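Peer 1: Below are the chains, spelled out letter by letter.
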Amino acid sequence: MLKITEGSYAVAEAVKLCRPQVIAAYPITPQTHIVEALAEMVANCEIDGEYITVESEFSALSACLGASAAGSRAYSATTSQGLALMFEVCFNMAGLRLPMVMTIANRALGAPLSIWNDHQDTISLRDSGWFQLYAEDNQEATDLHFIAYKVSEDHNVLLPGMVCFDGFILSHTYEPVDMPVQEEVDGYLPPFTPYHRLDAGDPISMGMYATPEYYMEFRYQIQQAMEQAGKTLVAAGKEFSEHFGRDYGSLVEGYRLDGADTALIAMGSVCGTIKDAVDEMRDAGRKVGLLKLRAFRPFPEREIVAALNNVNTVAVLDKNISLGNSGAAGTEVKAALAGSGITVLDYVIGLGGRDVRKRDIARVVDLAEKGEGDMFYGLRTEVL
Amino acid sequence: MMQVEGKCELFEAGHRACAGCGPALAARLILKAAGENTIVVASTGCMEVFSTPYPETAWGVPWIHSLFENAAAVASGIEAAIKQQGRSEKVICVCGDGATFDIGMLCISGAFERNHDITYICYDNEAYMNTGIQRSGATPLDASTTTSPAGKCSLGNKRPKKDLPRILAAHGAPYVATASISYPADFVKKVERAINTPGACYIQVHAPCCTGWGFDPGQTIAIGKLAIETGLWVNYEMVDGVVAKAKKVRRKPVEEYLKAQKRFQHLFKPTPKTEEIAKIQAMADANATAYNIDIKLKQERQ
Amino acid sequence: MPLTIGCAARPGKARRNLTGSWRVFRPVFRPEECTKCGLCATVCPEGCVIETEEGTFIPDYDYCKGCGLCAEECPAKAIEMVQEEK
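Protein chains in written order, with the working numbering: chain S, 1 to 384; chain Z, 385 to 686; chain E, 687 to 772.
Treat the hints loosely; a few may be bogus.
[Unchecked claim] Distance ranges between label pairs, derived from CB positions:
1) S:H172 - Z:D624: 41 to 49 Å
2) Z:D624 - S:T331: 56 to 64 Å
3) Z:P637 - E:E739: 44 to 52 Å
4) Z:G516 - S:A111: 31 to 39 Å
5) S:C45 - Z:K680: 52 to 60 Å
If you're looking for bench data, these hints aren't it; they were derived computationally from the structure.
Computed from a prediction, not measured in an experiment: that's the story for all the values here.
Don't be surprised by glycine CBs; every beta carbon is placed ideally from N, CA and C.
Kindly generate the complete structure, drawing on both the sequences and the hints.
Peer 2: Right under this line is the structure:
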């Protein structure tokens with residue numbers, strides 16, 4: 001049913017439809033509307049689950065870890081500093097192979113303190129063993145939760161997943177969202193069947209330590225599971241389109257790449273702006289297209305190579321910076337396209353909530369076509 | 385001789401604890417008290433390492449270790465999950481004093497304030513033993529550890545032990561108890577009481593560490609008894625924040641406890657540090673008054 | 687043997703590790719002096735002191751690390767620690 005709703009409430013509604021059994025979350029801007037809405041749903045028995053009002057994000061994820069280990073579908077939401085505080089638990093949960101889904105309302109990391117959007121928080125956890133999906137709009141943010149649970153709990157995957165959507169830009173924006181009903185979601189997402197769980201009837205030890213004889217093999221298994229997550233995401237995305245009519249059957253999404261000389265690559269809500277900018281540039285006769293990365297982990301290398309086969313220049317927009325190197329996506333796209341003859345340039349853009357407008361996209365394309373890149377875009381002149 | 389077909393130990397032999405390990409005995413006694421319908425949440429530390437090198441787990445009940453500092457939060461999630469699922473297992477945290485007094489305080493405070501139905505047991509061997517005997521918030525005054533070494537300008541650990549049982553009682557915990565592995569029946573009874581008390585309960589069990597404290601492995605029980613007999617460790621119960629029962633003793637001078645351990649040797653050699661020993665004696669005296677543990681002789685009473 | 691996902695394991699495997707090889711001193715139990723109080727079994731950190739049909743106790747030398755707690759705590763002094771000869 002189509003309704004106009006705030007991004008956060010759309011996500012909360014989607015989470016409710018996933019029937020979470022344990023929710024543990026700690027308030028942080030701009031995630032608060034999601035967890036407030038969920039707390040209200042629990043208070044009104046709309047969700048048959050426990051809501052744990054933890055004292056920190058660190059405990060939020062630790063409690064979810066325990067709940068998942070005990071065989072319950074677990075959920076949390078956070079952002080920025082909160083995600084940074086979860087760092088240790090994130091790696092641990094993936095290593096324990098415990099499924100769950102966590103929403104991230106992407107926000108910059110301090111210092112300086114900033115409550116506004118960029119992708120530094122989740123990008124900094126790209127090595128943690130969580131799969132990461134980035135939503136362009138609130139419809140996609142909603143739908144990715146159903147897909148994420150399905151993939152996370154698949155016994156061939158068993159990895160936790162992050163659904164990332166841009167703080168404020170999406171979380172606090174009202175958009176029309178086609179919200180499925182419970183029966184439809186139940187038909188797509190089965191109840192959680194744990195691979196193994198803490199159960200006195202069938203005891204197991206979880207989280208043992210591994211000597212050098214074993215450690216590498218366990219890490220290799222996580223890497224294999226992440227590769228499998230890519231395939232399962234595609235399958236679950238296709239199945240989603242059969243159920244709901246919206247297609248997420250690829251880890252990337254091309255927009256007007258046919259005959260493009262220059263391709264932009266980006267993640268998240270800026271893709272909406274880029275699509276408008278691409279339309280205008282196409283109207284003006286410029287051969288420009290967009291490749292949106294829906295998944296950053298697993299990294300869709302094969303899909304990127306296949307999609308960009310015929311372009312000359314690639315401009316990667318990174319809402320993050322790996323300080324001392326460059327934007328994360330830029331670095332990885334360069335590696336993916338090494339030896340292809342394609343020029344790949346990276347632009348660090350939109351950090352800490354700096355607006356990215358259509359004319360900025362056009363200027364990035366101008367720069368890329370001149371071969372100028374690997375830079376911060378749009379800085380105030382006094383630092384130059 | 386034929387062996388009796390005895391009940392299997394839920395904490396099994398083959399674990400890699402040092403010979404004479406107090407915490408290993410604590411683990412055995414905890415599972416004897418708790419039984420099979422139990423989920424154990426561990427913190428990183430000696431016990432986790434000596435009992436679970438993959439794949440050789442010593443635990444016969446469901447057991448999970450996540451991190452050093454999050455056992456109470458993991459237990460909160462497990463408790464919420466089994467409640468939601470309508471299951472009956474009891475959730476017990478078994479964590480060392482470093483994980484409890486220091487790095488895990490945030491999660492413990494949260495879990496106790498929320499009053500999850502869990503039992504948190506700290507096996508207190510009074511330092512970070514797994515990393516090589518560094519001081520913790522549970523290390524007693526003047527104990528020499530690798531990060532509070534006695535030296536020309538130091539008498540060892542500068543601060544007395546943190547009073548964690550009272551801190552957790554102040555959270556509103558319905559049942560808080562101290563115990564010692566040297567009094568196994570008392571410890572087992574307290575574990576049973578804690579797991580059968582709804583809400584977040586805390587037990588701090590004194591678990592002497594022969595390696596870290598410096599005594600012969602055969603003396604583990606005897607050292608634990610001396611701690612009680614000198615009044616430096618008091619076994620008591622607190623029900624709803626009020627001390628309900630404390631073990632009474634005929635007190636011995638603290639020297640008897642201190643002299644028996646290498647970690648306090650600098651108080652006696654090369655010269656006796658009389659003033660410092662008097663400070664420790666004063667702490668024992670204060671304990672005796674606070675918990676009313678002295679057994680008074682008949683003529684004294686008159 | 688395939689590795690368990692998530693580095694998990696079923697109970698029962700610690701017993702593969704025969705810690706009896708660590709022993710320097712061996713407890714020798716004298717059943718004729720035993721009062722059958724069972725304290726030796728209670729205080730054993732390995733849980734490897736076993737009750738016999740007669741109600742006396744014997745150590746499982748596969749696991750006994752020779753800590754001497756049983757001998758130390760035995761009220762009847764019915765357990766003696768003797769040097770291992772290997």
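Peer 1: Give a verdict on every hint.
Peer 2: Going through the hints against the structure:
Taking 41 to 49 Å as the suggested C-beta distance range, the pair H172 of chain S and D624 of chain Z conforms, at roughly 45 Å. Look at D624 of chain Z against T331 of chain S: about 59 Å separates their beta carbons, and that is inside 56 to 64 Å. Between P637 of chain Z and E739 of chain E the C-beta distance comes to about 46 Å, which sits within the given range of 44 to 52 Å. Restraint check, G516 of chain Z to A111 of chain S: a C-beta distance of roughly 35 Å satisfies the suggested window 31 to 39 Å.
Taking the beta carbon of each, C45 of chain S and K680 of chain Z are about 59 Å apart, inside 52 to 60 Å as hinted.
When each numbered hint is compared with the structure, no violation occurs for any of them.
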